[in-house]
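Protein chains in written order, with the working numbering: chain A, 1 to 190; chain B, 191 to 378.
For the record, the hints were derived by calculation from the structure and aren't laboratory data. As the structure is a prediction and not an experimental result, all values here were calculated from the model. Warning: the hint list may mix true and false statements.
[Stated by the list, open to error] Ranges of calculated distance between the beta carbons of each label pair, as one might list FRET restraints: (1) B:A270 / A:A98: 23 to 29 Å; (2) B:A323 / A:G68: 24 to 30 Å; (3) A:N66 / B:T328: 27 to 33 Å; (4) A:N71 / B:A338: 43 to 49 Å; (5) B:A358 / A:G68: 26 to 32 Å; (6) A:G68 / B:N364: 35 to 41 Å; (7) B:A270 / A:G68: 43 to 49 Å; (8) B:G267 / A:S84: 41 to 47 Å; (9) A:S84 / B:A323: 57 to 63 Å; (10) A:N66 / B:G296: 37 to 43 Å; (11) B:T315 / A:L180: 45 to 51 Å; (12) B:A311 / A:V160: 36 to 42 Å; (13) A:T31 / B:A323: 21 to 27 Å.
[As the list claims (entries may be wrong)] Now the stretches of chain B that chain A is said to cover, found in silico as 3 or more residues with beta-carbon under 8 Å: (14) 237-245; (15) 259-271; (16) 370-376.
Backbone N, C-alpha and C define an ideal beta-carbon position, used for all residues, glycine too.
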Amino acid sequence: MSCNFKSGGMKALLAVGGLLCLLASSAAAQTSSGQLTITMSVQSSITLIFQNNPSVGTTGFCPLTNAGTNNVGLDFGTAAFPGSFHTLACVNYQHLNAAVYQVSSAFDVVVSKSNSSSPNYRLAAQISTPPPANVSWLLNNVTLTTAGFTTLDTADNYAVPITKTLQVQVKNSVAAQPLLETITFLATAN
Amino acid sequence: MLKKYISIMRGAALAALMLLCGASLPAQTTASGVINGSLNNTTGISIQFDSDPAGVTLGAAGTNAATANFGTVSAFGPLAAGVTRPSVTAANFTVRTIFDVQVIQGGLNSTTYTLTANLAAAAPTGMSYKVDAITLTTALQTIQVNGAYGTDIAHNLDLVILTAAPGAGGPAVNTPITTTINFTATAN
Numbered sequence: 001m002s003c004n005f006k007s008g009g010m011k012a013l014l015a016v017g018g019l020l021c022l023l024a025s026s027a028a029a030q031t032s033s034g035q036l037t038i039t040m041s042v043q044s045s046i047t048l049i050f051q052n053n054p055s056v057g058t059t060g061f062c063p064l065t066n067a068g069t070n071n072v073g074l075d076f077g078t079a080a081f082p083g084s085f086h087t088l089a090c091v092n093y094q095h096l097n098a099a100v101y102q103v104s105s106a107f108d109v110v111v112s113k114s115n116s117s118s119p120n121y122r123l124a125a126q127i128s129t130p131p132p133a134n135v136s137w138l139l140n141n142v143t144l145t146t147a148g149f150t151t152l153d154t155a156d157n158y159a160v161p162i163t164k165t166l167q168v169q170v171k172n173s174v175a176a177q178p179l180l181e182t183i184t185f186l187a188t189a190n
Numbered sequence: 191m192l193k194k195y196i197s198i199m200r201g202a203a204l205a206a207l208m209l210l211c212g213a214s215l216p217a218q219t220t221a222s223g224v225i226n227g228s229l230n231n232t233t234g235i236s237i238q239f240d241s242d243p244a245g246v247t248l249g250a251a252g253t254n255a256a257t258a259n260f261g262t263v264s265a266f267g268p269l270a271a272g273v274t275r276p277s278v279t280a281a282n283f284t285v286r287t288i289f290d291v292q293v294i295q296g297g298l299n300s301t302t303y304t305l306t307a308n309l310a311a312a313a314p315t316g317m318s319y320k321v322d323a324i325t326l327t328t329a330l331q332t333i334q335v336n337g338a339y340g341t342d343i344a345h346n347l348d349l350v351i352l353t354a355a356p357g358a359g360g361p362a363v364n365t366p367i368t369t370t371i372n373f374t375a376t377a378n
């Protein structure tokens, strides 16, 4: 009798165990897996932007349009030799001699690097079109030409504003006309 | 009397023959059989990666083993089609593409799935990977808890790259970097 009971209990236990196994297998979460493989290559790069100098608005520091980018505008307003005439208070106006006047304004250049071990950079600039006779465009007293990039600095530090002053020198014999120039700056990692 | 008997018997035999013929003529030769069809319809779930119109074109799109090539990336230079650069800071920059995940299920009493992901190996130096802004590690991270079946669901894949120079914490440059992300969809 006892033996029969044990046998019956064992069967019941096995049956319950099997049922639990079935339930467990049916309740297991269904999953599916996949793989996305990414490939890329990092390249060193530098960037150049123009910023307003902290002294913007005072004499010699006119505001840039589109400041904070690499394509900005700098308007000197209207000027003339007689009477040191100039329309913008932010422009620094000077008579260089008895026949030439100069307007100038300063701004900042910031060059940043990424993924580069370059310690510093060279800065150069050139003008896009030859100016009229007796008109000169300069940066920090360095005359710019269309012949090629003129070196301004040889070892500027990255991420540090470098103040540059753009000057336009005009002889009093130059006919009244708009003077427009595009100045291209080139930063090269050392 | 005998003749009459014989005549009656002939008539009866003829009638019987006609009955037999009449019964057998319309019958056709036939054969029959049955097919015992069976199907064990089981449950299933599958995952595949699809190209998103706004992202890079995946290699082996439509499979569960796809590739995404970001091409050459940099903080300031041009990027490949389908790759954007949502942020650049002094410390790092992020390049992004978008890819789609589609999960299909059959036979399950499930209306949504949970998507998890992990890096197959530790991230290369100077790199970290995000899916939908969740930074991936080699441990499973939950990306989505209620994904709908049978439709492409777009996910952002961000590569956050330190701007430091190689050897100073930044990634290797001008060297292909390959990373595999494992994705798992689990039926809810």
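Going down the list of hints, with the structure as the test:
A beta carbon spacing of about 59 Å between A270 of chain B and A98 of chain A contradicts the range 23 to 29 Å that was offered as a hint. For the hinted restraint 24 to 30 Å between A323 of chain B and G68 of chain A, the CB-CB distance of approximately 27 Å keeps it satisfied. Separated by about 45 Å at the C-beta atoms, N66 of chain A and T328 of chain B break the suggested range of 27 to 33 Å. At roughly 45 Å, the beta carbons of N71 of chain A and A338 of chain B sit within the given window of 43 to 49 Å.
A358 of chain B and G68 of chain A have their C-beta atoms about 27 Å apart, which keeps the hinted 26 to 32 Å range intact. Between G68 of chain A and N364 of chain B, the C-beta spacing of about 30 Å breaks the proposed range 35 to 41 Å. Distance hint check for A270 of chain B and G68 of chain A: the Cβ-Cβ separation is about 26 Å, which falls outside the suggested range of 43 to 49 Å. Distance hint check: the CB atoms of G267 of chain B and S84 of chain A are about 46 Å apart, consistent with the given range 41 to 47 Å.
Between S84 of chain A and A323 of chain B the beta carbon distance is about 59 Å. The supplied range of 57 to 63 Å therefore holds. In this structure the hint that N66 of chain A and G296 of chain B lie 37 to 43 Å apart at CB is violated, the actual value being about 57 Å. A hinted range of 45 to 51 Å holds for the C-beta pair T315 of chain B and L180 of chain A, which are about 49 Å apart. Here the CB-CB span from A311 of chain B to V160 of chain A is close to 39 Å, well matched to the stated 36 to 42 Å.
For the hinted restraint 21 to 27 Å between T31 of chain A and A323 of chain B, the CB-CB distance of approximately 24 Å keeps it satisfied. By the rule of at least three residues with a Cβ nearer than 8 Å to a Cβ of chain A, the coverage given for the segment 237-245 of chain B holds, with 3 such residues. Restraint check on the segment 259-271 of chain B versus chain A: 9 residues with Cβ-Cβ distances below 8 Å, three needed, restraint holds. Under a criterion of three residues with beta carbons nearer than 8 Å to beta carbons of chain A, the stated coverage of the segment 370-376 of chain B is upheld, 7 such residues being counted.
Checked against the numbered hints given earlier, the structure breaks hints 1, 3, 6, 7 and 10 and satisfies all the rest.
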